[in-house]
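Asker: Listed below are the residues making up each chain.
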Amino acid sequence: MSLLEVEELRVRIRGERGEVTIVDGVDYTVEEGQVFGVAGESGSGKTISVLALLQLLPRGASTSGRAIYGGRDLLRLSGRALRRVRGRELAMVFQDPLTSLHPMLTIGRQLSEHVRVHEGASKRAALARAAELLAEVRIPDPERALHAFPHQFSGGMRQRVAIAGALATRPKLLIADEPTTALDVTVQAGILRLLDRLRRESGLAVILITHDLGVMSSIADHVSIFYAGRIVESGPTKELLSTPRHPYTRALLDALPHPVDDGRADLLAIPGLPPSPRSRPAGCAFHPRCAYAIDASRVQAPPLVTVGAARLLACHVDPFASPS
Amino acid sequence: MSLVEVRELGVVYRRQGVDVHAVVGASLALERGRITGLVGESGCGKSSLARAIVGLVEPAAGEIVFDGKPLSPLRRGARPRHETRLQLVFQNPYSSLNPRRTVGSQIADGLRLRGEGERTDRRTRVGELLDQVGLSGGAAGRFPHQFSGGQRQRIAIARALAADPSVIVLDEPLSSLDASTQAQIANLLVGLTRDLELALLLISHDLAIVRHIADEVSVMYLGTIVEEGPTRELWSSPQHPYTEALIAAIPAADGSGTLPEALPGEVPDPASPPSGCRFHPRCPHAFARCPGEVPPLYALGPDRAAACFLRDPASTQTHEHEGVT
Ligand SMILES: Nc1ncnc2c1ncn2[C@@H]1O[C@H](COP(=O)(O)OP(=O)(O)OP(=O)(O)O)[C@@H](O)[C@H]1O
Ligand SMILES: Nc1ncnc2c1ncn2[C@@H]1O[C@H](COP(=O)(O)OP(=O)(O)O)[C@@H](O)[C@H]1O
Ligand code: SF4
Ligand code: SF4
Ligand SMILES: [Mg+2]
Ligand SMILES: [Mg+2]
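Chains as they are written, first to last, in my numbering: chain L, 1 to 324; chain C, 325 to 649.
In short, the hints are calculated from the structure, not lab data. This one's a predicted model, so the numbers in the text were calculated from it and none came from an experiment. Don't take every hint at face value.
[Claimed, not checked] In the SDA-like style, the derived pairs of lysine to any residue whose C-alpha atoms are separated by at most 25 Å in a straight line are: (1) L:K238 to C:Q470; (2) L:K238 to C:A595; (3) L:K238 to C:D578; (4) L:K238 to C:I574; (5) L:K238 to C:D488; (6) L:K123 to L:L167; (7) L:K238 to C:A572; (8) L:K238 to C:S580.
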């Protein structure tokens with residue numbers, strides 16, 4: 001059985017000008033030890049779809065669908081059961097590590113309290129565990145780091161501390177939203193290696209949101225591409241990146257600076273802008289920007305269907321189907 | 325002669341009574357119609373160098389020559405007219421635009437600064453500038469929050485262009501944008517540089533984009549320039565171990581599943597930099613000479629240089645370490 005099964009997840013948010021659908025029917029499964037990648041343009045609903053799993057949505061949001069984890073529906077948990085799962089089995093790391101660290105408390109205090117609350121350890125044991133965690137994320141001199149405040153660390157170190165905090169209760173699933181986007185490539189490489197080690201050594205599953213397809217390629221087992229609140233394509237990373245089938249995935253890859261060319265040609269930008277949730281086009285939401293659109297694209301949203309082993313695609317035309 | 329020449333520049337801040345040498349003896353040249361990339365880890369002094377070039381911080385050492393004349397020292401009041409031709413576009417286009425004023429009036433500021441024309445002329449010119457950065461004229465009457473990140477960056481660029489600059493320094497203009505938007509802005513920058521004969525300094529920690537659009541690249545580490553060269557050559561055969569480490573850390577989107585190489589350690593605090601070669605505590609090739617002496621930038625060809633003892637033509641080490649790889 002899968003660690004997490006998300007079915008027909010929908011999120012609507014009520015705003016000043018009425019209700020808008022942000023996430024529009026998303027299905028996926030995450031297995032133990034798997035790094036499950038989520039990519040797509042800014043505003044496509046990646047963050048909102050994972051906040052929904054933890055019931056961390058902003059006020060005015062309503063959720064429907066199911067997210068089955070350990071036999072229970074995360075979307076329907078409440079009270080103690082919710083706190084238990086949220087603090088302990090599912091952890092989250094954000095793009096800006098300062099959102100999860102308290103500026104006025106020492107690193108040691110923050111990490112150890114988290115451990116005490118969720119595991120009922122003694123103060124001494126909790127501090128020892130905190131030092132262990134810092135060592136695990138390769139913070140130099142962990143004993144000393146326990147006494148430091150977040151602002152005394154660089155961005156990369158803070159992100160590692162935030163990850164240490166998320167791992168404090170040995171969660172089974174880590175949700176990481178653009179965890180390395182604000183970091184230097186050198187530091188990013190260290191964090192990717194850390195995540196890779198954790199999933200190999202302790203079977204940690206990771207939902208990794210990133211718009212950096214290079215990051216995706218290096219660590220994700222499986223990638224789902226979001227566009228306008230839906231998954232438009234998904235599959236094993238290697239296959240998806242080498243033979244993308246959805247016109248949007250194709251365009252995303254074409255927009256990247258090519259790894260071997262010397263850069264004199266223009267980059268291929270996708271024309272136009274991603275639609276806002278308030279004005280999503282009818283039919284396939286990508287149709288105004290798609291060179292392959294047909295009449296059906298304008299009226300009917302293509303369903304996400306199986307097109308190969310573990311590969312799913314939502315496109316009426318499938319212009320890049322392999323000729324087999 | 326280059327349009328901008330930065331010579332042996334030093335920038336020093338005082339932090340709690342201690343001097344922080346954010347930039348140390350950095351030299352750089354910007355040419356008309358060309359894009360120079362400046363890369364390095366955060367905190368290495370890129371923004372400080374940028375601020376010195378546009379006159380926002382006073383150099384503690386060295387000089388900046390613009391169009392043959394040394395840049396005037398900072399003082400209160402307006403800078404000489406010709407120096408408004410050095411423009412800076414900041415990292416975060418949202419915080420640098422005023423949320424309460426229309427886009428059009430903010431772009432017109434640049435025109436007013438130059439004492440340009442009547443109100444109606446200015447309005448026409450704002451329309452032209454918006455067009456130049458790929459926005460419709462209707463954008464002039466709207467407010468910054470009504471635009472996406474990429475559009476705001478276009479607005480910031482239009483505002484810089486309003487001052488009729490010959491040099492634009494862009495500090496991390498693309499880092500908050502996603503791939504497709506980055507590609508649009510990158511293409512815009514290349515087009516403007518060629519069409520308007522601008523000299524562009526593009527600062528970024530995103531090496532892939534710098535690689536794609538810069539003609540030349542300078543690599544900075546802890547306040548010093550450690551390597552410079554034409555982009556293609558620098559990338560295909562880095563001559564400084566730090567440049568090599570930066571390149572190895574970029575993950576490729578090829579689906580290969582290879583993890584990028586991590587450079588051990590952190591960027592040291594510029595308030596107490598390591599002795600000798602500042603990179604030596606993290607350098608996989610460091611040897612006896614490195615902690616004791618500061619390597620100069622060794623010229624390695626007409627446009628290439630690297631500050632590493634492995635490249636010292638007078639040393640036998642050069643041969644033993646042929647090719648940093
Ligand atoms: N509190 C909110 N109220 C109303 N709309 C919201 C709220 N938070 C997010 N949205 C909208 O929901 C959509 C999806 O947002 P989300 O943050 O999930 O995007 P994302 O894919 O994570 O983008 P990014 O890559 O920029 O983080 C966006 O259009 C956003 O404007
Ligand atoms: N106003 C300031 N006062 C004190 N130190 C500063 C100031 N601005 C920058 N620094 C320090 O100078 C160094 C270089 O900073 P900066 O040029 O902003 O780096 P980058 O742009 O490469 O991130 C950093 O160590 C930074 O903390
Ligand atoms: S369904 Fe039509 S518009 Fe949508 S991606 Fe496929 S071809 Fe393009
Ligand atoms: S001078 Fe020495 S420490 Fe510095 S980069 Fe070269 S080999 Fe490494
Ligand atoms: Mg997000
Ligand atoms: Mg900076």
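Asker: Among all the numbered hints in the text so far, which are the ones the structure does not match?
Answerer: 1, 2, 5
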